[in-house]
Amino acid sequence: MSAAPTRSDTSSCRRARALVALRHALNLGLPILFVLIPILSFVLVSFWTLQDGQIVRTFTLANYRSFFTEGSYLPVYLSTVWLSLQVTFVNVTLATAIALFIFRRTPRVRFFILMSFMLPLFMSYIIKVYAIRTILGQRGLLNEGLMALGLIDQPIEVLLFSRTAIFVALAVIYLPYAILPIYLALDRIPANYLAASADLGASALQGLRHIVLPLGRPGIAAGAVFTFILTFGDFVTPQMVGGTQGFTFGRIVFSQFGLALNWPLGSALAVILLATTLLAVALAGLTLRREHVR
Amino acid sequence: GPKGEVRLLAYEGYADPAWTEEFEKETGITVKVTYVGGVDEQIAKMKASNGKDYDVVTVDTASLKAFADQKLIAPIDKQKLTSAKNLLPAFRSMDNATFDGATYGVPWAWGSLGLVYDKKTFPTPPDSWEVLWDPAYKGKVISLDDANNDINFGAIVLGIKDPFNLTDQQMAEVKAKLIALKKNLLTYFAGFDEGTTIWSENNVVLMFSMGELAAINLQKKGFDVGYVIPKEGAVGWLDNLTVSAGTSNTDAAYAWMNFALQKKIGADMAKKYGYGATTDAPQGMDYADRLIWAQNPENYTRRQAVWNEVKASE
Amino acid sequence: MAATNGPPPFQSMCETTRVQPLLHLENISKRYGSVRVLDGIDIAVADNEFLTILGPSGSGKTTILRIIGGFESIDGGRLMFDGRDLAAVPINRRPFNTVFQDYALFHHMSVAENIGYGLKVRGRPKAEIATRVADVLETVGLGAFGARYPAQLSGGQRQRVALARAIICEPRMILLDEPLSALDVDLRAQMQRFLKSLQRRLGIAFVFITHDQEEAIALSDRIVVVNHGRIEQEGAPEQLYRRPRTPFIAAFLGENNLLSGVLAAVDGQLGQVDTAAGRLVATADGPLPALGQAVQVAVRPEHITLSPASAATRDALTAEVADIRFLGANILIELTHPALPDTVLKVRRLADGSAADFRTGQKLNLSWAVHDAALLVPGG
Amino acid sequence: MAATNGPPPFQSMCETTRVQPLLHLENISKRYGSVRVLDGIDIAVADNEFLTILGPSGSGKTTILRIIGGFESIDGGRLMFDGRDLAAVPINRRPFNTVFQDYALFHHMSVAENIGYGLKVRGRPKAEIATRVADVLETVGLGAFGARYPAQLSGGQRQRVALARAIICEPRMILLDEPLSALDVDLRAQMQRFLKSLQRRLGIAFVFITHDQEEAIALSDRIVVVNHGRIEQEGAPEQLYRRPRTPFIAAFLGENNLLSGVLAAVDGQLGQVDTAAGRLVATADGPLPALGQAVQVAVRPEHITLSPASAATRDALTAEVADIRFLGANILIELTHPALPDTVLKVRRLADGSAADFRTGQKLNLSWAVHDAALLVPGG
Amino acid sequence: MKQKAPFIDSLLGFTAVVGLVALYAPLIAVVVLSFFQITRLRGVIGFAPFSLEPYAALVANHEILSALATSLTVATIASLASLVLALMFAFYFVTARRGFGLLMQVMVFLPFLLPPIITGLALLIAFREIDFSRGLATVIIGHVVFIVPVVYRTVLVRLQLLGRSLTEASLDLGASQTQTLVHVILPQMRPALISGLLLAFAISFDETLITLFVAGSETTLPIRLWAMMRVGFVPEINALATLILLFTAAITVAIGLMQRSQGERAS
Ligand SMILES: Nc1ncnc2c1ncn2[C@@H]1O[C@H](COP(=O)(O)OP(=O)(O)OP(=O)(O)O)[C@@H](O)[C@H]1O
Ligand SMILES: Nc1ncnc2c1ncn2[C@@H]1O[C@H](COP(=O)(O)OP(=O)(O)OP(=O)(O)O)[C@@H](O)[C@H]1O
Ligand SMILES: NCCCCNCCCN
Ligand SMILES: [Mg+2]
Ligand SMILES: [Mg+2]
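Heads up: the sequence lines are chains A, B, C, D and E, in that order.
Quick note: the first sequence, position 34, residue 114 per this note's numbering, numbers continuous.
Quick note: the second sequence, position 280, residue 638 per this note's numbering, numbers continuous.
Quick note: the third sequence, position 187, residue 534 per this note's numbering, numbers continuous.
Quick note: the fourth sequence, position 366, residue 713 per this note's numbering, numbers continuous.
Quick note: the fifth sequence, position 234, residue 308 per this note's numbering, numbers continuous.
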């Protein structure tokens with residue numbers, strides 16, 4: 081557009097171009113290096129095999145075949161998915177109710193109530209699981225307390241080392257992860273909407289059903305995805321509180337990287353785990369498709 | 359003496375702060391400890407860097423060959439091992455740790471995977487492991503969760519002569535036996551502390567334990583328990599000090615091993631952690647001859663798969 | 348039209364409506380913490396009436412509307428609708444609807460769903476909802492827009508949806524909080540016309556809030572002017588415009604020339620006021636203050652006649668043209684008077700060529716009819 | 348004042364400014380993707396000039412301003428400032444400043460920090476910044492507000508801060524994008540006066556954007572009307588108002604009565620137009636179209652004289668009063684004509700009592716001077 | 075305005091109380107046990123008298139304190155690095171071509187959408203393949219990879235909310251790009267930066283499952299706790315957990331008060 085460029089023009093031009101290149105390099109290069117390549121490299125490993133304790137680097141689907149045909153993988157996978165779905169459902173329900181509870185307080189106290197629900201995140205996860213076990217044991221604080229109060233005379237045994245226990249522990253540990261996104265979504269609902277809803281004749285319950293919940297849906301979906309992913313991948317909590325029921329898919333994956341030294345099979349199982357969580361994300365995204373942003 | 363740093367990959371109780379402080383003062387070498395909970399974790403950590411992250415690794419005799427085969431640990435230079443003289447005669451040969459003429463580990467601590475029982479329930483100690491399968495104690499039994507040792511254990515209970523080299527037929531029997539046990543269990547546990555904690559917080563009366571320490575800890579907490587090696591025998595384990603193949607400070611590694619193999623350290627370990635030391639006659643551990651010393655198993659990968667199936671079974 | 352068919356000036360509409368008001372706010376007061384924002388508000392709304400609550404920002408207009416709607420509690424007074432006390436009636440049972448200033452359209456619902464919401468929560472059958480929504484959409488001129496979402500509409504169209512949503516349940520009254528202030532000038536004029544015609548067609552009461560006096564004048568049957576949480580004056584637009592009772596009203600509704608002085612003599616409703624520019628005669632609307640009191644004379648720019656300075660008439664001021672501002676349909680002539688250094692005298696003329704002779708610097712005589720000069724008591 | 352001191356009508360100001368324009372947009376065009384939003388825009392801004400770019404929503408006004416400011420690239424044409432091409436000059440080196448529509452005040456900085464920002468980034472010493480900020484605060488009448496934060500100000504005060512921030516670096520020109528549209532009516536009037544006086548005091552050029560024609564008329568030395576990305580007409584406010592060249596301009600600036608018809612005869616600049624209501628005479632401003640072509644006659648409401656229906660005059664229409672709307676200072680008389688079913692004829696009168704005799708239903712003759720009837724070509 | 079709904083509110087209130095009890099039960103247990111240790115005489119539960127012994131023991135436990143120090147170092151570096159990267163990515167997303175931005179975003183988000191075990195394994199395998207020895211650096215990288223998405227999200231939302239106009243105003247007033255960043259953009263984003271940083275710190279501080287794979291000879295607090303499961307949880311852990319909890323609670327309250335007073339000034 082302007083006259084012929086001068087020399088200083090071209091050199092500053094070159095510098096600008098170098099800067100642009102650097103920007104792309106940093107912003108695309110770093111994620112490629114530290115996210116994409118690691119993930120791809122273990123996807124790659126999943127197509128290799130283990131023979132006589134040595135990794136054979138030829139392409140094969142054998143590991144994936146094992147998942148479907150051999151022993152316990154598929155049943156454990158399915159039961160883990162089912163468990164995670166159950167926790168997700170219960171937690172999202174609870175979290176929605178709690179987020180609604182916070183939402184219906186006056187603005188000045190909301191932050192502190194929200195924070196009191198977030199604070200437990202700051203205590204070490206392992207210590208928490210330990211403490212949960214101390215509470216729920218057959219001679220744990222809960223049973224002993226209830227017996228001391230005379231409310232029961234026999235300890236309740238299913239509290240610990242059962243599916244119920246996994247359920248309770250996962251729910252307690254991951255509940256804040258569901259509350260936060262749901263509350264943040266509710267917080268974005270314009271204050272006037274509820275006034276308008278009431279004005280048009282809707283009861284509080286109707287306002288909840290037609291206004292608050294639909295508008296909270298993105299948050300609910302996000303909370304569900306977080307909960308599902310975290311519970312599905314957690315291999316410590318189920319093991320610690322689940323007793324003989326605590327064998328989950330994450331545990332199987334983990335075990336392949338120990339003495340079994342079966343990295344290829346472990347990687348293949350991990351890829352399946354990965355695909356499952358991506359599927360969960362995609363499903364959540366799909367339910368939001370119809371969302372109309374303002 | 360050699361300066362720098364020595365990095366230990368160890369189990370709990372193998373690097374007591376009192377020792378490391380003394381060692382640091384004596385040699386000027388800094389000690390950095392990484393604790394692991396089990397062989398699986400240990401091998402995963404070693405494998406991930408071919409040992410470059412650590413200098414001294416404690417490996418149990420059963421896993422030594424796997425470590426050596428994977429070239430994760432280096433042969434011992436006996437010249438540098440000036441403290442070898444402190445070893446009890448029984449351990450001095452180090453045959454268990456020797457493959458193809460090279461020695462890979464120095465015996466350091468030993469113990470057994472015995473039976474812990476509640477003395478009130480069992481005024482006389484149970485004499486057979488079969489008690490764990492007794493439906494009378496359903497939900498009152500807990501068991502160690504360790505692929506290799508559980509299979510060893512199952513084989514021993516079944517009276518199989520060589521628990522470390524199972525035929526397919528034998529493996530199937532072991533698997534069935536372990537699945538049967540699972541039905542009687544309250545839960546599995548993964549470490550000493552987990553075992554004793556679960557015991558103290560629940561109505562448990564029998565435990566296929568991780569070792570003497572389990573009973574000692576429970577007794578300390580006021581539980582009236584006993585420790586017994588039933589008639590079928592029990593797995594004996596022996597942990598060895600080894601030098602990582604990836605060590606960057608061989609001198610420091612040997613300095614630590616020589617320090618650790620002093621009699622006073624062994625005695626202190628026995629006192630504090632209840633492990634049997636290899637430098638002194640252990641007190642009260644009079645059943646060494648009834649132990650079936652763990653050896654390298656026929657196939658870890660297969661054992662892991664079998665164990666997973668046991669745990670996944672309904 | 349109010350201007351021609353309304354009640355005669357000097358008679359408050361309140362007299363008429365008090366007989367059977369549809370809505371009656373009786374002596375309402377409201378505090379926020381220690382701040383009293385409404386003080387003894389008394390408003391009666393008649394059936395079919397277009398009533399505007401007009402006032403400057405912060406005067407309490409929205410608060411009044413929110414109290415009527417039930418969104419805000421009251422600290423004193425009573426709220427009657429159709430002879431029934433509304434105190435115990437929750438928001439969703441009140442028999443009228445609101446058009447919110449920012450529309451408050453539900454962005455996750457289509458236009459049709461927004462409009463049908465009131466029927467849906469009342470559990471009407473789907474088919475009925477569909478027909479009635481279609482009807483109302485026609486009424487507000489949005490026949491083809493039912494399937495769109497609010498985000499896909501222009502400001503004026505959103506406004507219509509909010510209206511449609513408020514009228515679909517056939518309330519006997521709707522409340523509108525500055526519904527036009529977010530629209531641009533052209534749209535606003537268009538929507539004003541639409542609102543007025545809609546109100547006539549529906550034959551229901553509109554309680555309309557605005558701070559725009561032109562809008563209030565153009566639309567209302569009656570205007571209640573609120574200031575600092577109190578009612579300053581109420582009446583038909585023309586009545587307020589022509590007969591302001593306070594300097595505030597005089598200045599707030601339309602432009603005015605306000606001249607300060609002291610009441611020097613009284614003759615019936617006429618008062619003689621000594622100002623810096625000389626003695627002026629003005630008409631009082633109500634009891635006259637005591638002699639010697641500070642008063643103001645208000646004269647509308649359009650009521651001033653300009654004549655060459657030579658002519659000497661009673662009540663005439665001589666001033667110099669400082670600026671002639673072309674405003675489109677009108678011309679504003681700004682004059683300065685040597686004795687009134689802080690005042691610009693404004694005279695309004697139609698831009699029909701009749702004012703073409705005036706020039707800046709020219710000296711002119713200003714005169715007006717005595718009944719066009721209002722005598723006001725500051726703070727009264 | 349433009350209305351009285353400006354160039355005579357019929358002569359474009361462009362002639363004057365083209366000699367040495369301060370800013371010159373030469374044949375600018377701009378596309379967004381495949382949509383052409385500006386097409387051959389040519390605007391010259393003179394030193395000290397108050398130039399308004401007026402146009403309906405979406406016409407491209409903001410785009411023009413953003414191109415001048417450097418926030419947007421161009422697809423064709425040239426942008427010259429003081430004879431220098433601005434193409435290579437980045438935003439922060441351009442010698443003028445912008446007042447953004449939403450003010451864009453930095454809410455984490457105090458008023459003084461906001462205003463001093465331009466000096467601070469230029470590395471001026473603190474003491475100098477403090478004095479100059481204090482000066483400018485005085486200029487915009489916010490002397491005591493330096494320590495406040497934007498959130499603690501009213502709309503009008505924020506507006507002043509944005510202005511102060513734009514003028515502190517003493518630019519030779521400032522750009523203002525609808526700075527008043529977010530303000531309420533009273534404030535807007537007040538800020539209009541302030542802006543105009545500020546521009547005169549500073550003696551710098553203002554390029555002002557609005558879609559409010561009243562505002563444009565009240566403020567500008569010259570108005571450029573933009574429509575669909577093209578310049579529709581430009582000139583002094585009175586010139587545009589009095590002599591629109593297209594029906595769009597006629598309707599967009601102020602109210603107009605537009606009557607469609609066919610050109611029947613021509614006599615110099617006068618054309619005779621056959622409309623449904625009879626033959627009307629109108630004056631063309633420019634070349635006359637061919638006979639038989641569809642044209643429009645535009646007559647301003649304030650230019651129409653009403654007289655009792657008995658009197659028969661040339662160019663007179665007889666219509667019936669449908670409504671008399673009181674607008675405050677003005678009265679709008681709406682009339683219907685049997686031959687013009689879709690048209691409401693509007694006549695504007697000063698509300699000075701002279702229109703008091705009219706009554707709805709009354710039949711009146713409408714007449715106007717021939718030079719007040721503009722002959723326009725649709726789409727021309 | 076709040077529509078009255080006593081039934082719904084009591085239902086929600088009940089749920090909230092149940093939720094709070096469930097969430098706090100483990101915390102309270104830990105705090106109480108840090109002062110009153112559990113005793114089990116022959117299996118009978120009891121509590122030792124009040125004692126600060128665990129706190130004294132904590133001060134003397136160099137292993138735990140050094141693990142704590144490592145954790146603090148890692149969390150500090152990782153959260154600061156994540157903040158810088160998240161800012162860089164967010165700017166890239168709003169300024170670069172949409173395709174590039176989305177590509178970057180998908181990659182950045184990926185680790186947060188995966189169970190930590192996957193991220194840990196992936197990094198483990200990759201580090202091994204390129205023979206990158208594990209240490210503080212790999213732990214920090216592992217944490218950053220996991221944290222960046224969280225911070226990025228917070229920062230991006232804020233940045234998009236900021237819009238162009240403040241940036242343009244700053245440039246218009248003569249500021250350079252850098253001046254604009256320092257004086258306008260970063261201050262405007264401060265709440266987002268602070269909350270992003272805190273969140274990042276908290277996650278890193280407690281990260282266990284990735285660290286397990288990528289830690290070489292470095293021991294962070296969670297890893298130390300993990301290993302303790304084998305031989306024994308010492309009572310000072312309860313003391314430490316209690317202190318951390320008090321500390322974070324105090325910070326939370328402080329931030330709440332700060333943001334509230336800022337909000338009053340800024341909104
Ligand atoms: N929730 C509240 N707490 C404290 N004061 C309030 C509250 N709401 C309104 N006010 C105050 O009450 C007064 C009246 O407010 P209101 O909103 O009714 O005014 P308004 O006439 O509608 O003004 P506007 O034209 O600006 O909308 C104002 O001074 C306002 O500051
Ligand atoms: N970034 C963009 N991408 C595509 N189209 C755009 C973009 N910005 C503006 N437009 C279009 O360009 C045209 C001119 O927009 P512009 O903002 O200049 O209008 P305007 O005259 O300022 O309108 P308003 O009075 O509503 O502010 C509009 O049709 C608009 O939709
Ligand atoms: N305090 C931050 C939250 C730590 C979350 N740990 C999650 C473990 C996932 N399995
Ligand atoms: Mg209001
Ligand atoms: Mg614009």
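It is possible that some hints are incorrect.
Unchecked claim - In silico BS3-like links for lysine-lysine, alpha-carbon gap of 30 Å or less:
hint: 1; chain 1: B; residue 1: 405; chain 2: B; residue 2: 478
hint: 2; chain 1: B; residue 1: 436; chain 2: B; residue 2: 498
hint: 3; chain 1: C; residue 1: 543; chain 2: D; residue 2: 473
hint: 4; chain 1: B; residue 1: 629; chain 2: B; residue 2: 579
hint: 5; chain 1: B; residue 1: 629; chain 2: B; residue 2: 477
hint: 6; chain 1: B; residue 1: 436; chain 2: B; residue 2: 578
hint: 7; chain 1: B; residue 1: 477; chain 2: B; residue 2: 405
hint: 8; chain 1: B; residue 1: 477; chain 2: B; residue 2: 423
hint: 9; chain 1: E; residue 1: 76; chain 2: C; residue 2: 467
hint: 10; chain 1: D; residue 1: 710; chain 2: C; residue 2: 467
hint: 11; chain 1: B; residue 1: 533; chain 2: B; residue 2: 496
hint: 12; chain 1: B; residue 1: 578; chain 2: B; residue 2: 496
hint: 13; chain 1: D; residue 1: 543; chain 2: C; residue 2: 710
hint: 14; chain 1: B; residue 1: 578; chain 2: B; residue 2: 630
hint: 15; chain 1: B; residue 1: 438; chain 2: B; residue 2: 498
hint: 16; chain 1: B; residue 1: 578; chain 2: B; residue 2: 533
hint: 17; chain 1: B; residue 1: 423; chain 2: B; residue 2: 436
hint: 18; chain 1: E; residue 1: 78; chain 2: C; residue 2: 710
hint: 19; chain 1: E; residue 1: 76; chain 2: C; residue 2: 473
hint: 20; chain 1: C; residue 1: 693; chain 2: E; residue 2: 78
hint: 21; chain 1: C; residue 1: 693; chain 2: D; residue 2: 710
hint: 22; chain 1: B; residue 1: 578; chain 2: B; residue 2: 423
hint: 23; chain 1: B; residue 1: 477; chain 2: B; residue 2: 621
hint: 24; chain 1: B; residue 1: 540; chain 2: B; residue 2: 478
hint: 25; chain 1: B; residue 1: 589; chain 2: B; residue 2: 443
hint: 26; chain 1: B; residue 1: 478; chain 2: B; residue 2: 630
hint: 27; chain 1: C; residue 1: 543; chain 2: D; residue 2: 543
It should be emphasised that the hints constitute simulated quantities derived from the structure, not laboratory data.
These figures come from a predicted structure and were not determined experimentally.
Here's how the hints hold up against the structure:
no. : hint               : verdict
1   : 405(B) with 478(B) : 46 Å, violated
2   : 436(B) with 498(B) : 48 Å, violated
3   : 543(C) with 473(D) : 58 Å, violated
4   : 629(B) with 579(B) : 16 Å, holds
5   : 629(B) with 477(B) : 23 Å, holds
6   : 436(B) with 578(B) : 40 Å, violated
7   : 477(B) with 405(B) : 43 Å, violated
8   : 477(B) with 423(B) : 39 Å, violated
9   : 76(E) with 467(C)  : 21 Å, holds
10  : 710(D) with 467(C) : 51 Å, violated
11  : 533(B) with 496(B) : 19 Å, holds
12  : 578(B) with 496(B) : 26 Å, holds
13  : 543(D) with 710(C) : 25 Å, holds
14  : 578(B) with 630(B) : 12 Å, holds
15  : 438(B) with 498(B) : 50 Å, violated
16  : 578(B) with 533(B) : 35 Å, violated
17  : 423(B) with 436(B) : 19 Å, holds
18  : 78(E) with 710(C)  : 69 Å, violated
19  : 76(E) with 473(C)  : 29 Å, holds
20  : 693(C) with 78(E)  : 55 Å, violated
21  : 693(C) with 710(D) : 34 Å, violated
22  : 578(B) with 423(B) : 37 Å, violated
23  : 477(B) with 621(B) : 34 Å, violated
24  : 540(B) with 478(B) : 24 Å, holds
25  : 589(B) with 443(B) : 34 Å, violated
26  : 478(B) with 630(B) : 27 Å, holds
27  : 543(C) with 543(D) : 35 Å, violated
In this structure, the hints that do not hold are numbers 1, 2, 3, 6, 7, 8, 10, 15, 16, 18, 20, 21, 22, 23, 25 and 27, in rising order.
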